[in-house]
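Please build the complete structure, drawing on both the sequences and the hints.
Taken in sequence, the protein lines are chains C and V.
Residues are numbered in my numbering as their position in the first sequence, beginning at 1, plus a constant of 3.
Residues are numbered in my numbering as their position in the second sequence, beginning at 1, plus a constant of 3.
One thing to keep in mind: the hints can contain errors.
Each pair may be met inside one copy or between any two copies, as identical chains are not told apart.
[As the list claims (entries may be wrong)] DSS-like mimics (lysine-lysine), calculated; alpha carbons at most 30 Å apart, straight line:
(1) K133 / K31
(2) K97 / K293
(3) K206 / K97
Since the hints were derived computationally from the structure, they do not count as laboratory data.
Protein chains: 2
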Amino acid sequence: MASGYCVGVDLGGTNIAAGLLDSEGNIKSSLSISTEVDKGRDQVVANIIAAAEKAISQAGVDRKDVLGIGVGSPGPMSHRQGMVINPGNLPCMKNVPLRQIMKDKTGIPTTIENDANAAAWGEFWAGAGKDVNDLVMYTLGTGVGGGVIVESRLLRGYFENGAELGHVIVNPGGRLCSCGQNGCVEAYSSAYFLARHAEELIKQGDSSSLKARMDAGELLRAEHIVEAAKAGDALARKVWDKACYYLAVAIIGMRHVTNPQRVVLAGGLIAAGDFLLAPIRRYAAEMAWKLLDDGPEICFATLGNNAGFVGAAGCAWEARRTGDW
Amino acid sequence: MASGYCVGVDLGGTNIAAGLLDSEGNIKSSLSISTEVDKGRDQVVANIIAAAEKAISQAGVDRKDVLGIGVGSPGPMSHRQGMVINPGNLPCMKNVPLRQIMKDKTGIPTTIENDANAAAWGEFWAGAGKDVNDLVMYTLGTGVGGGVIVESRLLRGYFENGAELGHVIVNPGGRLCSCGQNGCVEAYSSAYFLARHAEELIKQGDSSSLKARMDAGELLRAEHIVEAAKAGDALARKVWDKACYYLAVAIIGMRHVTNPQRVVLAGGLIAAGDFLLAPIRRYAAEMAWKLLDDGPEICFATLGNNAGFVGAAGCAWEARRTGDW
Numbered sequence: 004m005a006s007g008y009c010v011g012v013d014l015g016g017t018n019i020a021a022g023l024l025d026s027e028g029n030i031k032s033s034l035s036i037s038t039e040v041d042k043g044r045d046q047v048v049a050n051i052i053a054a055a056e057k058a059i060s061q062a063g064v065d066r067k068d069v070l071g072i073g074v075g076s077p078g079p080m081s082h083r084q085g086m087v088i089n090p091g092n093l094p095c096m097k098n099v100p101l102r103q104i105m106k107d108k109t110g111i112p113t114t115i116e117n118d119a120n121a122a123a124w125g126e127f128w129a130g131a132g133k134d135v136n137d138l139v140m141y142t143l144g145t146g147v148g149g150g151v152i153v154e155s156r157l158l159r160g161y162f163e164n165g166a167e168l169g170h171v172i173v174n175p176g177g178r179l180c181s182c183g184q185n186g187c188v189e190a191y192s193s194a195y196f197l198a199r200h201a202e203e204l205i206k207q208g209d210s211s212s213l214k215a216r217m218d219a220g221e222l223l224r225a226e227h228i229v230e231a232a233k234a235g236d237a238l239a240r241k242v243w244d245k246a247c248y249y250l251a252v253a254i255i256g257m258r259h260v261t262n263p264q265r266v267v268l269a270g271g272l273i274a275a276g277d278f279l280l281a282p283i284r285r286y287a288a289e290m291a292w293k294l295l296d297d298g299p300e301i302c303f304a305t306l307g308n309n310a311g312f313v314g315a316a317g318c319a320w321e322a323r324r325t326g327d328w
Numbered sequence: 004m005a006s007g008y009c010v011g012v013d014l015g016g017t018n019i020a021a022g023l024l025d026s027e028g029n030i031k032s033s034l035s036i037s038t039e040v041d042k043g044r045d046q047v048v049a050n051i052i053a054a055a056e057k058a059i060s061q062a063g064v065d066r067k068d069v070l071g072i073g074v075g076s077p078g079p080m081s082h083r084q085g086m087v088i089n090p091g092n093l094p095c096m097k098n099v100p101l102r103q104i105m106k107d108k109t110g111i112p113t114t115i116e117n118d119a120n121a122a123a124w125g126e127f128w129a130g131a132g133k134d135v136n137d138l139v140m141y142t143l144g145t146g147v148g149g150g151v152i153v154e155s156r157l158l159r160g161y162f163e164n165g166a167e168l169g170h171v172i173v174n175p176g177g178r179l180c181s182c183g184q185n186g187c188v189e190a191y192s193s194a195y196f197l198a199r200h201a202e203e204l205i206k207q208g209d210s211s212s213l214k215a216r217m218d219a220g221e222l223l224r225a226e227h228i229v230e231a232a233k234a235g236d237a238l239a240r241k242v243w244d245k246a247c248y249y250l251a252v253a254i255i256g257m258r259h260v261t262n263p264q265r266v267v268l269a270g271g272l273i274a275a276g277d278f279l280l281a282p283i284r285r286y287a288a289e290m291a292w293k294l295l296d297d298g299p300e301i302c303f304a305t306l307g308n309n310a311g312f313v314g315a316a317g318c319a320w321e322a323r324r325t326g327d328w
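See the structure below:
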């Protein structure tokens, strides 16, 4: 175990989470403050720095033992350039050289990583993947995020836009995705889109216990679909089944591309527990080849909402190890 | 330019191709001999060694300047273990520790690589990808082979079975593939399967100029489909269009996974030229997101049948550079 600590910061559209971690991934402090995105770029940057400083002071460690800061930022962003480019949920943060700003203001070496990559690195470093070198992570939230680790390295891609696993096409010509493509994993297996899928089928005339909520003016949520599917509602079951089926198709694709040892599922949808995991595992086993026994284990993430700042701190430890600040 | 030479050997079911190359990928000698797979394991191994020795002697270089041997072997095989495991087209080569045998018999350090990976490395090192660091290759032959380079490293995967790009599912529940899965790229976009696709449609009653060949007892080949499609045959056009369409779907998937700078197409099908390339490029552009301009260039391989032994020699140079023999 290396001595010292790194700060991890998870920059979100609503909150900034931060924490101080040792080299083994133990959390020494953690906190969350408001991003205050409406107050503009300077305030958001000040808040990021404040969150990092607070994580240090709260842990009560000697400042000289703080060896690095990692920031997970929504994309598009550039790790190589240390730049937040144009995140949809942070419109004031256009082309912000955050790495250099953080370095200048704190005096601590800083690395910036895509937030989905940072979360995957968190699970790889200190969570559900800490005993493997090759991992694929799907975060099943509003959208479907992705992260890929190959031989203990983050896969970033030439355009630094790799591991956008939610936008792999699993049903060509299928449902329209938020990204403009048709048939993406995200269009079936994200919390947001599976609720929209149910609404669309009901509007087309399919009967469902969920119709009462819609008639009452409620916007359907993934939890409603899960609840109704568990209660036997046929439409909810169909939508849920498609979500599991197409995620399994995507996982089989990754089996044949990066051929990971483990696939980790994270995000709000995993609250459904075995109701999610069992059909995904079943479809992934049924549909995949039997030629070779090279299927990944499929399991849930263990870090929950901490994955972002934990992974960002882990990215700082990795930057220190490799000298890639 | 490093001094010295490496041997590349491409082990196939029918022939063994070999050559001697310098560190820049220049071919100093090349040859091809029969594999003699029917004569069994010992003869095949002897032929592999003979091909390597012949490549050295034919080039007339000093043996002490030969720094390594790379062998591309059909899978399943293990680079890490230096082992040919169980290739379908080389049934006598079951669990052969070829790396150690080659080392012992020639006295030259040897590395073994999956043949599709070796071919991709060849294009990356000395062919259509020699100016990029991140590349994806599809070999459109009898099957669809794949190779992936990420940050100038071969992507092998935890089970050493990565980059099996022909078996990514692009049409769930679709055509049965040789691997047992349904809807693989290979089931639509390989020379073999696109000919079968045409035959099946004709047997189902679709009319086509190709029916005359079938009635004459001929087995359809990809060239027949290309020829008929060019001449306006609707069925041939449909089959060819699906081959291009699903390959484009797969390429968009890779855009979102490894996010390469370039996608290189190789294999027999590329003889179709722009008749293949233009629709693939068009579909890949049409169906992909417009959010970010992160699409790879799509182009043809340049090494032709030499890619295998050239890439195998390149793998030996890389093993020498990294010390990973």
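Going down the list of hints, with the structure as the test:
In this assembly of identical chains, K133 and K31 lie within 30 Å of each other by CA distance solely inside one copy; the values are 19 Å within and 47 Å between copies. Proximity of K97 and K293 under a CA criterion of 30 Å is satisfied inter-copy only: 19 Å between copies versus 48 Å inside one chain copy. Within a single copy, K206 and K97 get their C-alpha atoms no closer than 39 Å, and across copies no closer than 59 Å, so neither meets the 30 Å cut-off.
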